[in-house]
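Peer 1: Here are the chains, one letter per residue:
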Amino acid sequence: MKITLRRLTAALLPLLAAHAMAADSPRNARLDDQTQLPTAPARPAGKAYFQPPAEADIPNNAFGDLVRRGQDLFMNTKALVPEYVGNEMNCVNCHIDRGRKANSAPLWAAYTMYPAFRKKNNKVNTFVERMQGCFQFSMNGKAPAADSEVLAALTAYAYWMSSGVPIGKVQPGRGFDEPPPPRGGYDIARGKAVYEKQCALCHGDDGAGKKVGATSVFPPLWGKDSYNWGAGMHRINTAAGFIQHNMPLGRGETLSDQEAWDVAAYVNAHERPQDPRLVNGDIDETRKRYHADDGVNLYGVIVDGRKLGQGVK
Amino acid sequence: MFSSPVSARALCLYASLLTLSVPAGAADGEAIIQKGGANPAAMPCMSCHGVDGKGMAAGGFPRLAGLPEAYIAKQLADFKAGRRENPLMQPIAQALGDAEAAAVAKAYASQPKVSIKAGPVERPKEGSGAWLALRGAWERNIPECTLCHGPAGVGVGDVFPPLAGQSAEYIEAQLRAWRGTPAQLAGKKSKALAAVPATRRNDPNGLMQHIAADLSEAEIKAVSAYFAGLGESTEPFDESQHRLR
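In order, the protein sequence lines correspond to chains A and B. Using our numbering, the letters of the first sequence map in sequence onto residues 3 to 315. Using our numbering, the letters of the second sequence map in sequence onto residues 35 to 279.
Since the hints were derived computationally from the structure, they do not count as laboratory data. For each residue, glycine too, the CB sits at the ideal point set by N, CA and C. Possibly wrong hints are sitting among the right ones.
DSS-like mimics (lysine-lysine), calculated; alpha carbons at most 27 Å apart, straight line [as the list claims (entries may be wrong)]:
no.: 1; chain 1: A; residue 1: Lys212; chain 2: B; residue 2: Lys140
no.: 2; chain 1: A; residue 1: Lys199; chain 2: B; residue 2: Lys108
no.: 3; chain 1: A; residue 1: Lys213; chain 2: B; residue 2: Lys225
no.: 4; chain 1: A; residue 1: Lys212; chain 2: A; residue 2: Lys226
no.: 5; chain 1: A; residue 1: Lys213; chain 2: B; residue 2: Lys140
no.: 6; chain 1: A; residue 1: Lys194; chain 2: B; residue 2: Lys147
no.: 7; chain 1: A; residue 1: Lys171; chain 2: A; residue 2: Lys144
no.: 8; chain 1: A; residue 1: Lys212; chain 2: B; residue 2: Lys147
no.: 9; chain 1: B; residue 1: Lys114; chain 2: B; residue 2: Lys151
no.: 10; chain 1: A; residue 1: Lys212; chain 2: A; residue 2: Lys199
no.: 11; chain 1: B; residue 1: Lys69; chain 2: A; residue 2: Lys213
no.: 12; chain 1: A; residue 1: Lys213; chain 2: B; residue 2: Lys147
no.: 13; chain 1: A; residue 1: Lys212; chain 2: B; residue 2: Lys108
no.: 14; chain 1: A; residue 1: Lys315; chain 2: A; residue 2: Lys226
no.: 15; chain 1: B; residue 1: Lys114; chain 2: B; residue 2: Lys159
no.: 16; chain 1: A; residue 1: Lys194; chain 2: A; residue 2: Lys49
no.: 17; chain 1: B; residue 1: Lys147; chain 2: B; residue 2: Lys255
no.: 18; chain 1: A; residue 1: Lys213; chain 2: A; residue 2: Lys226
no.: 19; chain 1: A; residue 1: Lys212; chain 2: B; residue 2: Lys151
no.: 20; chain 1: A; residue 1: Lys212; chain 2: A; residue 2: Lys171
no.: 21; chain 1: A; residue 1: Lys194; chain 2: A; residue 2: Lys226
no.: 22; chain 1: B; residue 1: Lys255; chain 2: A; residue 2: Lys199
Partial list, computed: chain A residues near chain B (C-beta under 8 Å) [what the hints assert, rightly or not]:
no.: 23; residue: Ala58
no.: 24; residue: Lys103
no.: 25; residue: Asp208
no.: 26; residue: Lys212
no.: 27; residue: Gly215
no.: 28; residue: Ala216
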């Protein structure tokens with residue numbers, strides 16, 4: 003297994019660097035919104051990340067009410083709009099500190115980058131379309147309509163949080179600041195050891211996370227209640243960035259880049275809900291079309307004698 | 035008394051099964067709570083933790099009623115091994131036999147959990163105890179307490195105990211136990227004080243240590259008061275409903 007994966011990583015790295023993107027049919031354009039914008043620049047030494055406005059500064063008017071509603075939805079997504087969330091995830095699970103934390107895909111670094119033309123689906127994507135992608139893939143649910151109250155509130159929240167960020171200027175701290183792929187590749191078995199020591203306490207040996215009654219506290223990392231095979235987090239490089247900066251909670255940046263890649267690979271070598279873009283019910287065809295050039299990922303790859311990407315319900 | 039010989043036999047069988055399920059010599063957790071363990075040094079738990087197991091705020095004695103069995107068992111083992119230091123509790127934990135400790139943990143876990151009403155979304159004021167509990171201080175890498183201890187601090191699984199239902203005195207003491215006390219230089223009226231090392235070192239993966247170390251004394255007081263002030267609801271919470279953050 004080790005050898006296969008190392009070879010695989012070596013084969014994928016040039017693709018990752020080149021970020022070659024195939025154009026897709028217009029039919030899938032709206033779903034196919036999972037690539038990255040240009041890499042964020044490093045934070046200049048001695049300079050702080052952008053500081054979003056304080057919660058107390060949300061104005062007490064109709065606009066402020068919509069912003070607060072957006073924040074509530076962001077933190078309690080499953081509880082407040084279960085009709086759009088097909089798993090046990092909430093926005094705040096991947097966007098720590100209510101979407102404010104640098105290197106946890108903060109909203110203040112995302113909002114001002116849209117609308118953006120994207121090679122991958124050969125069209126201009128709005129911020130709302132980007133959020134619809136979150137619901138479709140990360141929440142394994144149904145995207146709210148573009149003119150829905152839910153997306154209006156989330157847009158208002160992101161807009162308010164971005165007060166003072168120059169439009170179209172990539173901010174340090176945007177995305178997950180992915181660590182470079184380790185020289186020797188990643189190792190799933192080593193990642194399992196990291197997981198058992200550092201992650202299982204909260205996310206469980208079975209990756210199912212932990213709930214209190216109906217409410218998810220620690221999100222599921224694989225299985226039917228986690229993000230699906232189309233979510234950005236299914237990429238090992240993306241998950242490695244999130245993990246290195248933010249995990250374990252409150253002890254971010256304590257894992258090495260190597261450990262982050264290894265444990266990200268272990269997490270993403272498990273089954274999860276099917277990619278909703280599944281082409282003709284065929285994993286290989288879906289890999290070729292949507293996953294082959296999408297960073298480092300294991301969709302359609304044989305691990306431990308089993309082809310990943312079967313999906314779980 | 036019995037309507038048929040069959041039901042009488044069934045009852046006898048049931049009674050013998052009950053006897054079997056409590057093997058000879060097994061400790062009775064409830065009896066230890068009320069009367070103490072076999073070793074007289076293992077004093078009755080209720081003398082400090084209260085008749086109802088809800089603790090005694092004035093002495094900083096924590097609530098044990100409804101805490102997870104595995105959590106209580108671990109704390110007793112940690113007191114015994116010195117990973118959690120406390121001059122009152124350590125001798126008691128050492129005097130309890132393994133079977134007695136297990137029985138006490140089980141008995142307390144079976145008592146009612148703290149019940150907290152699910153309210154609307156809370157809007158804490160920045161700088162308050164509620165703010166730390168619900169928002170954290172991420173600029174110092176301090177997650178909101180409820181992120182791990184669950185919404186309303188009701189506790190999550192065997193590892194993250196409930197904060198709701200505990201007194202401010204107890205929570206404060208634990209935060210200080212994890213933090214220790216830094217050395218103090220002599221002032222005009224005060225003597226120099228040597229640093230006191232942390233007396234609690236039993237948090238899994240060291241998750242609490244840095245949080246406690248990075249909290250100010252005022253923050254420790256405020257966040258402890260917040261959880262102590264949540265109170266307890268007399269109505270049980272419908273677990274099929276979500277708790278909002």
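Peer 1: None of the hints should be skipped; say for each whether it holds.
Peer 2: Taking the hints in turn, this is what the structure says about them:
1. For the hint pairing Lys212 of chain A with Lys140 of chain B, the CA-to-CA distance comes to about 22 Å; that is within 27 Å, so the pair holds.
2. Restraint check for Lys199 of chain A and Lys108 of chain B: the C-alpha separation of about 18 Å stays at or below 27 Å, so the hint holds.
3. Under the criterion of a C-alpha separation no larger than 27 Å, the hint pairing Lys213 of chain A with Lys225 of chain B is inconsistent with the structure, at around 49 Å.
4. Restraint check for Lys212 of chain A and Lys226 of chain A: satisfied, since their Cα atoms lie roughly 14 Å apart, inside the 27 Å limit.
5. Under the criterion of a C-alpha separation no larger than 27 Å, the hint pairing Lys213 of chain A with Lys140 of chain B is consistent with the structure, at around 22 Å.
6. For the proposed pair Lys194 of chain A and Lys147 of chain B, the alpha carbon gap of about 35 Å is over 27 Å, so the pair is violated.
7. With a C-alpha separation of about 31 Å, the suggested pairing of Lys171 of chain A with Lys144 of chain A is violated against the 27 Å cut-off.
8. With a C-alpha separation of about 18 Å, the suggested pairing of Lys212 of chain A with Lys147 of chain B holds against the 27 Å cut-off.
9. This hinted pair does not check out: Lys114 of chain B and Lys151 of chain B have alpha carbons roughly 36 Å apart, beyond 27 Å.
10. Our distance criterion of 27 Å between C-alpha atoms is met by Lys212 of chain A and Lys199 of chain A, whose separation comes to about 17 Å.
11. Straight-line distance between C-alpha atoms of Lys69 of chain B and Lys213 of chain A comes to about 36 Å, which puts the hinted pair past the 27 Å bound.
12. The hinted pair formed by Lys213 of chain A and Lys147 of chain B meets the criterion: a straight-line CA distance of about 16 Å does not exceed 27 Å.
13. At roughly 20 Å between alpha-carbon atoms, Lys212 of chain A and Lys108 of chain B fall within 27 Å of each other, so this suggested pair holds.
14. A threshold of 27 Å between alpha carbons decides the hint, and for Lys315 of chain A with Lys226 of chain A the separation of about 5 Å falls inside it, so the pair holds.
15. Between the alpha carbons of Lys114 of chain B and Lys159 of chain B the distance comes to roughly 41 Å, so the proposed pair goes past 27 Å and is violated.
16. The suggested pairing of Lys194 of chain A with Lys49 of chain A is violated, with an alpha-carbon distance near 36 Å, which exceeds 27 Å.
17. Restraint check: the Cα-Cα separation between Lys147 of chain B and Lys255 of chain B comes to about 24 Å, which is no more than 27 Å; the hinted pair holds.
18. Between the alpha carbons of Lys213 of chain A and Lys226 of chain A the distance comes to roughly 15 Å, so the proposed pair stays at or under 27 Å and holds.
19. A C-alpha spacing of about 20 Å is found between Lys212 of chain A and Lys151 of chain B, which places the hinted pair at or below 27 Å, so the restraint holds.
20. Between Lys212 of chain A and Lys171 of chain A the CA atoms are separated by roughly 38 Å; this puts the pair beyond 27 Å, and the hint is violated.
21. Only pairs whose Cα atoms come within 27 Å are accepted, and Lys194 of chain A paired with Lys226 of chain A is accepted, the gap being roughly 20 Å.
22. The suggested pairing of Lys255 of chain B with Lys199 of chain A is violated, with an alpha-carbon distance near 32 Å, which exceeds 27 Å.
23. Given hint, Ala58 of chain A at the interface with chain B, holds; its Cβ is 5 Å from that chain's nearest Cβ, closer than 8 Å.
24. Residue-level restraint check for Lys103 of chain A holds (minimum Cβ-Cβ distance to chain B is 6 Å; threshold 8 Å).
25. Hint on Asp208 of chain A is violated. Least Cβ distance to chain B is approximately 13 Å, over the 8 Å limit.
26. At its closest, the beta carbon of Lys212 of chain A sits 5 Å from a beta carbon of chain B; the interface hint therefore holds under the 8 Å criterion.
27. Checking Gly215 of chain A against chain B: minimum C-beta separation of about 3 Å stays under 8 Å; hint holds.
28. Interface restraint check for Ala216 of chain A: the shortest CB-CB distance to chain B comes to about 5 Å, inside 8 Å, so the restraint holds.
Violated hints, in rising order: 3, 6, 7, 9, 11, 15, 16, 20, 22, 25; the structure is consistent with all others.
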